[in-house]
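As given, the protein sequences belong to chains A and B, one line each in that order. Every letter in the first sequence is one number past the one before it in the numbering used here, and letter 115, counting from 1, is 230. Every letter in the second sequence is one number past the one before it in the numbering used here, and letter 3, counting from 1, is 118.
Honestly, the hints are just simulated from the structure, not real lab data. Heads up, some of the hints might be wrong.
Note that the list lumps identical chains together, so a pair holds whenever it fits in one copy or between two copies.
Pairs of lysine to aspartate or glutamate, EDC-like flavour, derived with a Cα cap of 20 Å [claimed, not checked]: (1) Lys279 to Asp290; (2) Lys309 to Asp290; (3) Lys197 to Glu159; (4) Lys198 to Glu360; (5) Lys248 to Glu346; (6) Lys254 to Glu360; (7) Lys279 to Asp269; (8) Lys178 to Glu332; (9) Lys196 to Asp290; (10) Lys371 to Glu264; (11) Lys248 to Asp290.
Number of protein chains: 2
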Amino acid sequence: MIGIFDSGIGGLTIVREIFKQLPTYQITYFGDTARTPYGNKSNETIITYALQDTEFLLAKGAKIIVVACNTASAVAAKILKKKFPNTPIFEVITPAVTKSVKTTKNKRIGVIGTRATVASKIYEQQITNLKDKLTVISKPCPLFVSLVEENWADQPITKMIARKYLYSLRHEQIDTLILGCTHYPLLKHVISQKMGKNVALVDPAEQTALQLKTYIEENSSVQKQLTTNNEHQFFFSDIAPHLTELAKRWLGTTIKPQLHHIA
Amino acid sequence: MIGIFDSGIGGLTIVREIFKQLPTYQITYFGDTARTPYGNKSNETIITYALQDTEFLLAKGAKIIVVACNTASAVAAKILKKKFPNTPIFEVITPAVTKSVKTTKNKRIGVIGTRATVASKIYEQQITNLKDKLTVISKPCPLFVSLVEENWADQPITKMIARKYLYSLRHEQIDTLILGCTHYPLLKHVISQKMGKNVALVDPAEQTALQLKTYIEENSSVQKQLTTNNEHQFFFSDIAPHLTELAKRWLGTTIKPQLHHIA
């Protein structure tokens, strides 16, 4: 099956996109909720965790690995690819970067994310590596995660906070905005409203699922290895009381979270 | 000196109170920012972390330990006291519980905290253990932490969110409210405004510092062991870019954060 891991629950937005774009394939999810977030940890620690997460999914029978976490994508994806050369490994940053570079016309791209993602400058670096003469403007929006987890996406408060956070970006004349945090696609309607119609939003979850879909369609040998049923499994290293409720809301289906304890 | 540990930066509100009430004693702070928050971790893990944090402070020369973290106070304080019988160990829950029971007249106490603290029911249990026939009403306010860290304490948005969170508590006729999260004292003015003059706020940081002060004054042998200077030290297991700025805002003084890497 397809194995997906994240530092927590945010990666369920990637699951949602995979359900949408690749509805027939079985997935196994691992959310490292006991050690979330990865964003404020050292590279050494993040790499150790990402290796453990990947090994767990491979032991469960994963034939493809999707790194749903922005931080682990930035810090550990290259090392995972080296360490597991026979397993296709996908991450969320490259597909979003590629799409944003293709989309922008005025060469001004915005990036929003957690404080840790913005401080890492990973999107800026990758965009500039891919194509120079592009301007990247970043803005951390730390409250967006809590607002999504509170189920306040449609509340007036969320619109006010979005206006406050996006104010400076709106005056930067960007025409493309990357939603650089797994939770943000759930605020897409609010962000889109505040940024206006002339700004294209790039959703890394959507782009990653699309890249995955293309890859599977083009590689019949991989396709044959994947199980096609909906007996999906969801593992977490810690199960908080509101986890099932959040997952139901985001995925539109009830999951049975299983505990995978990581020491 | 006095050793204080917390799962992150929130415990600096206890430092603030100790500076206020015991300005002459040297303190050493350890914030486990690399593994924050403790609230969603298993008891076993929290105990392991609390033991490591305490051992680090003892090795640095601490003669008194203050557990600033609500979760570690609830889960690990008893075990720390057994493990280190010769070191006075203070935690934040008992002083707040004692104060709230003394304060309430109508026997209705409210508790606000993170989702994890509220789910643990630790305040309810301790209040009921101390005195029965009291009603405790709890309400998680997860966004308060992010609002404080954004320095939005005085923004209209924070007032709106406080109104939303505290609405149900206001209708529960409580006369005493425990601020059951290290960050919340920094929103005291907003919470007080929303709850009205008839609700007494109990600040665990203030009560813990008061208990500590009384203890030191009454124990001259301990008092003699403590260093009286202001060469305070601040260790963190991870140093995020905005840490120094936050600490300056909260403590009113610049700190030099030192890295203490925990594997």
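Unsatisfied constraints (hint numbers, rising): Per hint list: 4, 5, 9 violated.
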